[in-house]
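Number of protein chains: 2
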Amino acid sequence: MIQLLGKDLRKKDIAELKDKASKNVNLTFYLVYDPSFNESCSYVNSIIKTLDKVGWQHVTYKLTKSYRDYGALNKIRSIKDSMVILARPVLFDEETLISLIDYRSDPDMLTDFNKGKLYSGNLNYLPATAMSVRRLVEYYNIDCKGKKVLVIGRSISVGLPIFMYFQRKNATCTLAHSKTEKIDLNKAIIESDIIVLATGKQGLIDRKFLNNKQIIIDCGYHSNGTGDLGFVPNDNELYAYTPVPGGVGPLTITSLLKNALLLHTLYKNSKEKELNNF
Amino acid sequence: MIQLLGKDLRKKDIAELKDKASKNVNLTFYLVYDPSFNESCSYVNSIIKTLDKVGWQHVTYKLTKSYRDYGALNKIRSIKDSMVILARPVLFDEETLISLIDYRSDPDMLTDFNKGKLYSGNLNYLPATAMSVRRLVEYYNIDCKGKKVLVIGRSISVGLPIFMYFQRKNATCTLAHSKTEKIDLNKAIIESDIIVLATGKQGLIDRKFLNNKQIIIDCGYHSNGTGDLGFVPNDNELYAYTPVPGGVGPLTITSLLKNALLLHTLYKNSKEKELNNF
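So the protein lines, in turn, are chains A and B. The first sequence begins at 8 in our numbering and counts up one residue at a time. The second sequence begins at 8 in our numbering and counts up one residue at a time.
Simulated from the structure, these hints should not be mistaken for lab results. Hints should not be assumed to be uniformly reliable.
It does not matter which identical chain is used: a pair holds within one copy or between any two.
[Said to hold, decoys possible] In silico DSS-like links for lysine-lysine, alpha-carbon gap of 25 Å or less:
1. Lys-189 to Lys-69
2. Lys-189 to Lys-152
3. Lys-60 to Lys-265
4. Lys-27 to Lys-56
5. Lys-152 to Lys-208
6. Lys-25 to Lys-56
7. Lys-189 to Lys-176
8. Lys-27 to Lys-14
9. Lys-72 to Lys-82
10. Lys-30 to Lys-265
11. Lys-265 to Lys-25
12. Lys-72 to Lys-186
13. Lys-189 to Lys-208
14. Lys-87 to Lys-220
15. Lys-220 to Lys-186
16. Lys-152 to Lys-194
17. Lys-215 to Lys-194
Required output: the full structure, derived from the provided sequences and hints.
Below you can see the structure in the form of structure tokens.
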């Protein structure tokens with residue numbers, strides 16, 4: 008059984024990003040978080056660690072859950088070479104906060120404009136976790152064409168963009184979720200070549216339905232250090248899988264920073280232009 | 008077997024739109040078409056007929072396939088209460104043409120911003136054919152929750168938005184396409200509760216795989232007046248279906264005009280505002 012591991016790619020990413028940072032690509036990351044959520048705080052901390060390795064600057068902004076937040080986010084819009092990361096979950100009107108982020112400063116691809124780009128088929132606009140899945144699939148030369156892919160979980164930031172990726176790569180995709188009947192889910196698990204777990208829940212996969220030609224990609228991470236799969240497969244239980252930790256996880260932050268680099272490259276001289284020139 | 012028919016809804020639409028047009032909602036439709044494509048011309052003609060019934064103005068613009076087109080489209084941006092319909096197919100750089108359309112004047116929901124809204128789950132932003140499917144499903148009280156839906160065809164303007172609709176309505180959706188293996192397609196046809204045809208090709212459905220609990224929604228239209236299904240089902244062959252002509256087709260243009268009305272209502276006073284206030 009092959010383990011699909013993110014660490015080598017992560018090392019390459021860090022080297023590449025460091026190199027860019029040393030060659031006058033100076034980005035400043037505004038890390039916006041909600042102190043009442045542990046996940047929000049710990050996400051910001053992980054980003055800071057990686058930014059420090061790379062050599063890019065960061066400013067943290069603690070959400071006050073008042074109108075001041077709108078003003079603060081709005082101010083960032085006009086700052087040259089700024090990137091904004093909204094470390095979710097946040098309690099206070101996420102949609103409005105996102106609407107204040109400039110799409111050119113949105114490496115998490117949360118703005119409607121960037122989501123529209125992905126929906127139109129541009130795979131440069133995958134959010135960080137989906138981009139990490141893409142990069143693992145490509146790194147390990149997994150052929151998707153005509154394959155049956157089951158994505159379980161339909162969040163805008165993980166499940167849905169992963170679905171978009173696989174369908175663009177010519178897989179026949181099924182998107183399952185909390186309203187999928189258990190019997191249908193099990194049937195789909197049996198029949199799929201690739202199964203992506205993106206629910207944040209364990210216990211959805213009954214291992215008796217798995218076989219040694221299948222690949223499982225696990226995007227979950229639980230506080231006890233396990234993924235959505237919740238067990239370590241035996242040697243012949245699957246063809247390949249992403250362990251947790253070590254699979255998708257190591258890539259998410261460097262994929263986010265690479266997204267930032269891409270947006271910066273695309274739009275470096277455009278902040279002065281009117282948006283409606285697009 | 009139930010026939011799902013668009014004509015009653017179309018009548019209601021026309022009455023509603025006429026009423027709006029008579030009450031000072033004055034929209035002008037810029038119909039941009041490519042004379043070298045019959046489909047482009049005939050689409051514009053059908054829109055004109057409906058606009059004349061409703062009482063809204065229209066201006067046709069014939070693509071010259073030169074840089075003049077960019078200038079012309081760009082000028083429309085600043086016209087108050089204008090709506091732009093790009094009657095595809097067009098030969099000349101569709102993506103650039105679309106990028107010149109203001110999202111507030113885009114009832115076909117072709118711009119990245121509007122596509123992002125749909126991708127985020129806002130079903131007001133379905134393009135005309137997908138919106139027509141949604142409206143038929145709702146008019147006939149078809150319950151989607153937990154149902155297995157197979158959408159065949161993944162175009163940005165038809166198949167993909169229909170997929171988005173059904174998954175938002177809690178169906179378990181599979182998106183099949185030209186790269187789907189025939190054996191997988193047949194299996195999915197057998198197992199699905201609702202099958203949507205959106206390929207522009209006939210002969211994909213072997214009727215021996217159908218059963219009388221299934222619903223077929225046919226979005227195809229061929230020059231001989233038939234749909235993608237290509238045959239008329241027998242009385243007990245299906246639970247329900249949309250005949251061609253008469254099913255989805257009658258709704259597409261009024262759904263497009265209702266989309267225009269929605270955008271107009273949302274943004275009526277915003278053309279003067281900067282886009283980056285969003």
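Cross-check of the supplied hints:
no. : hint               : verdict
1   : Lys-189 to Lys-69  : neither (41 Å within a copy, 53 Å between copies)
2   : Lys-189 to Lys-152 : between (27 Å within a copy, 13 Å between copies)
3   : Lys-60 to Lys-265  : within (14 Å within a copy, 53 Å between copies)
4   : Lys-27 to Lys-56   : within (17 Å within a copy, 57 Å between copies)
5   : Lys-152 to Lys-208 : between (28 Å within a copy, 21 Å between copies)
6   : Lys-25 to Lys-56   : within (13 Å within a copy, 61 Å between copies)
7   : Lys-189 to Lys-176 : between (27 Å within a copy, 17 Å between copies)
8   : Lys-27 to Lys-14   : within (20 Å within a copy, 60 Å between copies)
9   : Lys-72 to Lys-82   : within (17 Å within a copy, 41 Å between copies)
10  : Lys-30 to Lys-265  : within (15 Å within a copy, 52 Å between copies)
11  : Lys-265 to Lys-25  : within (11 Å within a copy, 51 Å between copies)
12  : Lys-72 to Lys-186  : neither (32 Å within a copy, 48 Å between copies)
13  : Lys-189 to Lys-208 : within (14 Å within a copy, 33 Å between copies)
14  : Lys-87 to Lys-220  : neither (49 Å within a copy, 59 Å between copies)
15  : Lys-220 to Lys-186 : between (27 Å within a copy, 20 Å between copies)
16  : Lys-152 to Lys-194 : both (21 Å within a copy, 18 Å between copies)
17  : Lys-215 to Lys-194 : both (12 Å within a copy, 22 Å between copies)
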